[in-house]
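A.B. asks: Going letter by letter, the sequence shown gives residues 1 to 379 in full-length UniProt numbering.
If you are wondering where the hints come from, they were derived from the structure by calculation, not from laboratory data. In this text, a Cβ means the ideal position worked out from N, Cα and C, and glycines have one as well. Be aware that one or more of the hints could be misleading.
[Stated by the list, open to error] Here are the computed lysine to aspartate or glutamate pairs in the EDC-like style, where the Cα-Cα straight-line distance is at most 16 angstroms:
(1) Lys295 <-> Asp326
(2) Lys50 <-> Asp326
(3) Lys50 <-> Asp327
(4) Lys317 <-> Glu287
(5) Lys371 <-> Glu258
(6) Lys366 <-> Glu343
(7) Lys211 <-> Glu139
(8) Lys317 <-> Asp53
[As the list claims (entries may be wrong)] Using C-beta positions, here's what the derived DEER-type ranges look like:
(9) Ile39 <-> Lys366: 34 to 40 angstroms
(10) Thr133 <-> Ala226: 31 to 37 angstroms
(11) Ser339 <-> Ile39: 34 to 40 angstroms
(12) Gln265 <-> Asp208: 23 to 29 angstroms
(13) Asn322 <-> Gln265: 31 to 37 angstroms
(14) Val338 <-> Lys366: 18 to 24 angstroms
(15) Met200 <-> Thr313: 21 to 27 angstroms
(16) Glu264 <-> Glu292: 29 to 35 angstroms
(17) Gly259 <-> Gly132: 22 to 28 angstroms
(18) Lys363 <-> Glu278: 19 to 25 angstroms
(19) Lys211 <-> Pro91: 45 to 51 angstroms
(20) Glu278 <-> Gly132: 46 to 52 angstroms
(21) His157 <-> Lys366: 28 to 34 angstroms
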Amino acid sequence: MALLYETVPTFEDTWIECLGDLGRYRMAVEDDDIRDREIWTGVSRFWYTKASDKIPMTGRLYHHLAILARPNALQQLYYYAKSLCVPVPFPSARDSVMTLFDPLLNANPSASQRLEPVDVAFVRVHGILFSGTHEDQLEPSMKQFLELLDNRIGREHGNWLESGYFIGISLSCLLLSFGDASNVLMNAVLKSQQTDDTIMLPDPVLTDAFKTAVRFTARTYEIVIARWGDKNTFPCLHTLLVFYWFMMDFDVGRQYLEGSLPWEQTALLLNYLLRTSEYTPRLDTPEIPWPEVGKAHPLPEDYAMRGLIYTGTYFPKNWFDNTAIDDEEKNFEPASTVSKRCERILWLGYSMAMRKRRLHWDKNTKQFSAKSNESNDNN
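Using the sequences provided together with the hints, build the complete structure.
C.D. replies: So, in structure tokens, the structure goes:
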């Protein structure tokens with residue numbers, strides 16, 4: 001198979017995925033030697049990641065990466081959610097994801113003991129809202145996660161960068177009901193992107209699970225943004241703001257999401273970033289700011305968001321074309337990353353302010369502010 005990959009480039013995408021499959025099968029049969037199993041897991045992950053870089057809108061590959069992500073429950077949740085929220089979803093993931101949810105919903109001690117309680121609670125909330133079962137655990141699980149979250153961020157420091165964007169993206173997919181076409185947001189997105197009029201979409205349904213997801217996501221956002229001096233929260237905020245930025249272009253997005261967000265706190269964060277920025281951020285650009293010189297150098301969470309159904313208009317066409325960046329470098333966080341991330345968050349804030357809804361930009365004072373509900377209703 002490796003020989004075919006090297007000698008028959010016409011089917012390169014197929015060979016890469018097959019190499020991932022072979023690594024995964026080899027991993028599955030290595031029951032006796034844990035070290036060999038880990039080696040083959042790494043090999044399989046390498047090839048599936050390489051394949052997903054070439055066809056990022058294909059959910060099947062993220063499903064396979066979710067299986068390989070054990071026992072990292074947050075990463076598993078992120079990959080399963082992504083596999084269902086891309087333009088080419090992988091429907092079988094709706095069954096597979098229950099292998100992650102069931103042990104936590106059924107209070108399996110061996111599954112819970114390996115994980116942080118805050119992660120268990122977060123994944124369990126998704127499991128309950130996804131499956132519609134064990135609803136008696138919903139409020140206690142949400143309460144546990146929200147109570148533990150702030151301390152977890154403070155304790156993890158830089159280690160929460162990756163966890164933060166896993167959480168932000170998973171919550172965004174939760175708001176889409178894991179790609180369910182009857183979800184009020186997902187339905188609007190699918191209709192806007194539909195190219196085949198013969199495909200019939202179901203009527204949108206406003207469910208209690210969706211309303212709970214809106215409330216849970218907004219409360220998480222509030223806790224994270226309250227630590228606005230903590231740069232380790234920025235990947236989470238960035239990924240959530242990308243989703244809200246996208247959905248505010250839709251009537252249903254404004255109707256169901258706009259009123260749930262803490263716009264005053266968002267304006268405070270944006271003004272703080274303006275004050276502390278090392279250079280003048282580029283806000284009034286039609287696309288996210290490009291480097292002054294050379295090709296784009298995407299943020300780690302850019303790669304995580306790539307391919308999602310709601311990020312197609314966020315990333316410029318050639319944003320991921322820098323082939324000089326190897327896989328290890330994609331998650332590297334040099335000092336300049338913080339400034340780039342802050343500029344991106346400010347760009348999103350400015351872009352939303354230009355829509356003249358809840359956020360406002362004063363061109364004279366060059367400050368953000370938040371409109372009250374009353375003033376917004378009068379527009």
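A.B. asks: Look at each hint and say if it fits the structure.
C.D. replies: Each hint, compared with the structure:
1. Between Lys295 and Asp326, the direct Cα distance comes to roughly 14 angstroms. Compliance with the 16 angstroms bound is thereby established for this hinted pair.
2. Distance check on the hinted pair: Lys50 and Asp326 sit about 10 angstroms apart at the alpha-carbon level, within 16 angstroms; holds.
3. Restraint check for Lys50 and Asp327: satisfied, since their Cα atoms lie roughly 8 angstroms apart, inside the 16 angstroms limit.
4. Distance hint between Lys317 and Glu287 is fulfilled; the C-alpha atoms sit about 10 angstroms from each other, no more than 16 angstroms.
5. At roughly 12 angstroms between alpha-carbon atoms, Lys371 and Glu258 fall within 16 angstroms of each other, so this suggested pair holds.
6. A threshold of 16 angstroms between alpha carbons decides the hint, and for Lys366 with Glu343 the separation of about 15 angstroms falls inside it, so the pair holds.
7. At roughly 13 angstroms between alpha-carbon atoms, Lys211 and Glu139 fall within 16 angstroms of each other, so this suggested pair holds.
8. A distance of roughly 14 angstroms separates the Cα atoms of Lys317 and Asp53; the hinted pair therefore holds under the 16 angstroms criterion.
9. Checking the proposed 34 to 40 angstroms range against Ile39 and Lys366 shows it is violated: the Cβ atoms sit about 54 angstroms from each other.
10. Thr133 and Ala226 have their C-beta atoms about 32 angstroms apart, which keeps the hinted 31 to 37 angstroms range intact.
11. Checking the proposed 34 to 40 angstroms range against Ser339 and Ile39 shows it holds: the Cβ atoms sit about 38 angstroms from each other.
12. At roughly 27 angstroms, the beta carbons of Gln265 and Asp208 sit within the given window of 23 to 29 angstroms.
13. Distance hint check for Asn322 and Gln265: the Cβ-Cβ separation is about 34 angstroms, which falls inside the suggested range of 31 to 37 angstroms.
14. The given range of 18 to 24 angstroms is respected by Val338 and Lys366, whose C-beta atoms sit roughly 21 angstroms from each other.
15. Met200 and Thr313 have their C-beta atoms about 25 angstroms apart, which keeps the hinted 21 to 27 angstroms range intact.
16. Distance hint check for Glu264 and Glu292: the Cβ-Cβ separation is about 33 angstroms, which falls inside the suggested range of 29 to 35 angstroms.
17. As the Cβ distance of Gly259 to Gly132 is approximately 25 angstroms, the hint placing it in 22 to 28 angstroms holds.
18. In this structure the hint that Lys363 and Glu278 lie 19 to 25 angstroms apart at CB holds, the actual value being about 22 angstroms.
19. Taken as a hint, the range 45 to 51 angstroms is violated for the pair Lys211 and Pro91, whose Cβ atoms sit roughly 25 angstroms apart.
20. A hinted range of 46 to 52 angstroms for the beta carbons of Glu278 and Gly132 is consistent with their spacing of about 48 angstroms.
21. Here the CB-CB span from His157 to Lys366 is close to 32 angstroms, well matched to the stated 28 to 34 angstroms.
Of the hints listed earlier, those the structure fails to meet are numbers 9, 19, in rising order.
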